[in-house]
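Chains A and B, in that order, give the protein sequences. Take the first sequence: its letters are residues 117 to 499, numbered as in my numbering. Take the second sequence: its letters are residues 29 to 252, numbered as in my numbering.
Think of the hints as simulated: they come from the structure by calculation, not from any bench. Yeah, the Cβ is synthetic: ideal placement off N, Cα and C, and Gly gets one too. Zero decoy hints are in this set.
Just the calculated beta-carbon pair ranges, DEER-fashion:
1) LEU74(B) x HIS242(A): 50 to 56 Å
2) ASP246(A) x SER98(B): 54 to 60 Å
3) PRO144(B) x ILE188(A): 20 to 26 Å
4) TRP62(B) x ASP246(A): 27 to 33 Å
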Amino acid sequence: MPEEGLRVRLRQRGPIALDAELVCARGELLALVGPSGSGKSTILRAIAGLLRISEGNITCDGETWFEASRRIHLNPRQRRIGIVFQHYALFPHLSALENVMEALLELPMPRRRSKAKDWLDRLHLHGLEDRKPARLSGGQQQRVAVARALAREPRALLLDEPFSAVDRSTREKLYEELAELRRDFSVPVVLVTHDLDEALMLADRMSILSQGRSLQTGLPFEVMTRPDTVHVAQLVGQKNIFRAGVIEHLPERGVTVIEWRGRRLDARLQAKFAPGSQVAWTIPRSHVLVHTPDRLSETDLENRVPGKVSEFVRLGENAALTIHIDDPTRPPLFVSVPLHLAQHYAIASGSEIVVSFLAEGIHLMPPDKALRRDGPIRAPEAD
Amino acid sequence: MMDWRALALSLELAAWTMFILFPVGVWLGRMLAWRQFRGKALAEALLALPLVLPPTVLGYYLLVAFGGASPVGQLYQRLFGHQLVFSFQGLLLASIIFNLPFSIQPMQRAFEAIAPEVRDAAECCGLSRWRALWRIELPLAWPGILSALVLTFAHTLGEFGVVLMVGGSIPGETKTIAISIYDRVQGFDVDSAAVMSATLLVISLAAIAITFLTTTKRETLPYA
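Pulled out of the complex, with its shape left as it was, chain B reads as follows:
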């Protein structure tokens, strides 16, 4: 009934995506929240692009960009001896790219919400940059960071278009649970599709519940 390999692969992909996007999102989110630089609006627009682009279109461009004919694809082939597209690594890279807005935007909003005076105070108290980051900034931005990570996780589990374009449907390598569901429906195995869909639904609900619970618990804490 359940395609355990596909589920495990999906969870693995989602976990890795989340794991990599955590530092990337914190770094980019902080920068976009606090720094002014030329081309900032353009950078923000580019990062938001995956929100509006049809997944198949994004997937197509990633396929072209990572393919054997592209410099990235050729470099990867030379370094690792196999092609980037239709591999787990290629899928992970695509997953990171299409999840950029889901991870960065909530983190950016969270960092923007920290009063500039509080950051100044941290510097004037003598906190090093690292200390200010983990002692002041991350705890204050934590609800936003957490919801970014959960969104990324849930979104990766459910992504279909990009995965199919870049990864194909290789069992154990790139066949995620979303694709497996589609395959079962195509093969008239509606029962299996139902079980797997319900599993995804439960995981997604749980993820959303975690963010809600954590953020509401946070909000009842007194904040100045």
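Pulled out of the complex, with its shape left as it was, chain A reads as follows:
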């Protein structure tokens, strides 16, 4: 039985170094996430057949699209892919309808027109058939591009940062539409993005890329909260990364005990790290609770640690807190709480508070040289 979906293995030294392995099943949306220059667009172009890589292979539903060792390289026409480019790349001199019709050349003329019209209707572009791209809004242009990509009934759909050029409200609408469209298509969808929230919202699985390497692939929430390495943790925007030592494993309680700044913290059981070894640990913000000392609830809080708010910044409906635990010269903890809660509990700069790290959220990773004794020294790459 042929293997279904898209299988990609690419390797090359230059001009853009690549070392990536990806699988995207039929009907699955795989997000390639990474900072600019991480090679995600290069990989997408290679899948499309617009770029030739020196080593590796690409298959789709068992058919070989590219195999360097056998000198097989199908062109984009032969691969039959649908692609939506970052700036849509609509044909500027053709109307919306004509743009979609160009993807339907296999059909005879009258059917080509009616099918293209159907596609535009399906993407809520009724009445805009005769408009040239320049007279369409960003969101409308994106829909034409999606219609053009899907009209060919592609064997794989490739999306190259298609949401980056539209405003936020349009983007959210387009997210919904994409999710809706996906229900009717069981082709592999590869989405390139640098926006983690977008990947979290849309993707079934995501792959973190850095400098052409696929570092970790998995369920988006899992990759975000349980990164394999400190590097991945930084790439997914984790700011709370610290060093600790493993004390012991208590399988009966489902707990691994670590020592952090002279305290014992219970973490989710992660037996692969030997007692006595050094580790890095991180915790998603959702697993850090903040309390004021005078209003501590009676319930036994996990991993209680006292701290002091050194910075309080309002960010829309949230408050970003910088909290120093013990020594203010050591790396602080970054927490975000809803603004109304912060106001309710009168949390402000200088407040003494109690932080609770939920054991379930404490995730251990191999230590990294880039980490200072007990905290990060390197900011995650920008973008």
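Following the hints, position chain B against chain A.
Just chain B now, with coordinates in the frame of chain A:
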């Protein structure tokens, strides 16, 4: 007054030059715009040479290259039974060569202006190379191509130095209107020279007007 034979010859020469340089310019312009290859800078420099070389110098070298002593000239003589220089065909070949920069450069700029993503999109939509050429590339590059063709046409009408060197001044064969004007002035027939000059002026103005009108009309069309 008017040397109709010379005018007809000039128009014929200009039309043939334009007709031949259209596909040549599209092919070379596209290649120079999109492909990287060794010796590209050299090729571009050579193509631009007629812009800076004095026409008589270019004409001299073409005369040497096409003459009866040259391999090209000998081959032509053997194939067609008459010499290449001082013939309409020789004049046309020279005209094509000295018009290369006027036709290729505007076309190259026009093709360079097409976004690479748009070409990628054409390929990913499943368009064949020919379909992409006539449906996407040529319409998008059309203003540049048109001005290249008009420039070539107008420039051929007015060329003097190269024509005189390669073609001589044989009535009905190589005597163009520009040479005829010169002859009339030499023969103190200033009135005829004035009429013919005015004719050339009008044709040139009309040609330039056509490009301006077409390109401005294009630009008011919405482009993404």
